[in-house]
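Novice: If you read the protein sequences in the order shown, they are chains A and B.
Under my numbering, the first residue of the first sequence is numbered 1, with each subsequent residue one higher.
Under my numbering, the first residue of the second sequence is numbered 1001, with each subsequent residue one higher.
The hints are simulated quantities; they were obtained by calculation from the structure and are not laboratory data.
Taking lysine-lysine pairs in the DSSO-like style, the calculated list, with each CA pair at most 30 Å apart, reads:
1) K1232/B <-> K88/A
2) K1232/B <-> K1158/B
3) K229/A <-> K1229/B
As the structure is a prediction and not an experimental result, all values here were calculated from the model.
Okay, here's what each chain looks like letter by letter:
2 protein chains.
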Amino acid sequence: MDNPPTLMIPGPTPVPEQVLLASAQPPISHRSTDFRTLMAEITAHLKWLHQTQHDVLILASSGTGAMEAGMINFLSPGDRVLVGCNGKFGDRWADLCQQFGLETERITVPWGQALAPKDFQQHLATEHQQPIKAVIITHSETSTGVLNDLEAIAREVKAHSQALIIVDAVTSLGICPVPMDEWGLDVVVSASQKGYRMPPGLGFVAVSPRAWQAYGSARFPRFYLDLGKSQKDAVANTTPFTPPVNLFFALQASLQMMRSEGLATMFAHQQCLMHATRTALRALNLPLFVPNDALASPAVTAIQPDAVDPESLRFQLQQHGVIIAAGQDHMRGQLIRIGHLGYICRRDILTTVAALEAALQDLEYPFHLGVGIQAVQHSFSQHSAGPSDLP
Amino acid sequence: MDNPPTLMIPGPTPVPEQVLLASAQPPISHRSTDFRTLMAEITAHLKWLHQTQHDVLILASSGTGAMEAGMINFLSPGDRVLVGCNGKFGDRWADLCQQFGLETERITVPWGQALAPKDFQQHLATEHQQPIKAVIITHSETSTGVLNDLEAIAREVKAHSQALIIVDAVTSLGICPVPMDEWGLDVVVSASQKGYRMPPGLGFVAVSPRAWQAYGSARFPRFYLDLGKSQKDAVANTTPFTPPVNLFFALQASLQMMRSEGLATMFAHQQCLMHATRTALRALNLPLFVPNDALASPAVTAIQPDAVDPESLRFQLQQHGVIIAAGQDHMRGQLIRIGHLGYICRRDILTTVAALEAALQDLEYPFHLGVGIQAVQHSFSQHSAGPSDLP
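Just need the whole structure built from these sequences, with the hints factored in.
Specialist: Shown next, in the form of structure tokens:
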């Protein structure tokens, strides 16, 4: 038997068969009526997903390409930016900004902790000749499993500055609420291989009217990632450069699935998966890297095992058919991360916890076989299953 | 019946079923042994396709993203560049260079004509304080159907300057010879939806050691399109950012097909398709935009009809199930373009010419029904069918 393993990493993530098959249709011309109809439908769905009336633009890129587009289109060399750093992806934003010659200031807290809204208030309230032009927040920090309190941080930023709020929603969009308009977010960046339940290859940037005003005076050179070009063509339901039409087919199929479920159902499903995972890990005495449930990302759960070597556990789990992720950067070898986003259902959590128990047994970790699975069952029994809990 | 139309445009192009199905496999982790094995195989095939010993790097982008990467990684603001302009894509390169603040000089010839090697010699031989840093050539000009004499131009550039030779091989790679090392090309840019016989979404940049030397002192800010990052990770058969793994599956399948055919067979197949198309158009008295066979691109054939309205003909052809492309920019409404690249076989040329005759008849164009098809048959009878002529 050569069954594909269960992919429990924070991207690429499992994709529904109907989405994969949609992507395998013969390509169409991107200058055709069929393409314009497809793009009009996708754009309407994307606005729904972002809870916005504003533009949501699609790029042929990874999430990092969308990050770069979300920065270079609205800022100029020498601008001051403030970046929240509590993990690898916050750090990546700061690196990106520095690479482009921005005056990059960081609010840094240790990995595994959440950014504090009051730190932003204090930083922004400090007198300075040149105001901060943008505040950049990673909503769900994929490297640690922390969900930053984006709503509260955005509120502080708006109360104390005119700065644009640029949000990395790569592992929060479609996973938990990111109501762009209600929270006053200016730029929201995401990528297809996460909450979108589709393969990697598309990046997304949502843009507020305030951000478009900044676009007018932004002075970084740009061509491929020029969102003005995208916006101009998006009005006519087309793209400035050849789009990955097969990934657009996949996107259409996955967004149709999501709309038939509804945002509330999708988010409740993610809460259920996260809760079951965390409950099982606690029952197995595997220390959660983010112990406080209120700060936990519904996309990914990290553990920092002490009584078993993390990399041995990850490797052993793979022998039982489940792929999880290693720690990143300086936490490599210390953390393991379980992704529970994409097309993941309750059955996958059961499978993962059963495989985890088998792997722990192989490694002679002291525990009672079955306590993890029992915890998952109890957790599920407290959450009624909705349409997102299929298949 | 709702059969998909025959896609005879210069991208996106038809894709073999086995390549589409390969792309519909469940995603895998890009940090796994399976992925590294996949990438090692793909990289070896890409070097074969480029006829090079040097690096061929893969980006999640359209061809334009690869163009931008092929420029910003090797040049600095204020550098002098010389761009060959005889169509929309040459113009796009010049726009891109100007957008980034390069001193952009153009060798411009009218659309439909080929760039003359001696013009490059003259331009480069002219005394100037600051030498030209790069010469940019579009090999097959997709907007007109001209194949520029890249070999001769490259020879002139090397004889009269130290400039890097940057080549847009978007509609020539896999279609006709582009022996990177033999011709001394420094940067070769291509995209997946053309000669690669796969869906859009991947860009490719091949880089010579001389170009890597220039990379060291190039000063454009770069992050997502930083080829140094790609190269560093490619050594370990991985990528700096999440790659579109499903498109990598497709790429593997299409490159395997190509290798089983061989370059000579693939190129002969394209010559056969081009010859049959041109012969049929001549028989139908539809004026070829590039009358000289020696200057014709084996990827795309443009016609400039005088006795029938081009857009009416294009629309009418669509009613008969064949999609061809319009003219671009100022040639819109004057030209129509037939793409014969990607997974196109002899049968598709017959279908296209039969549909063209039916459309011409609808438009009361004066001709003898059947003369186009007969010309195709005669043309095919002079070319023995090889493995690329399947299915």
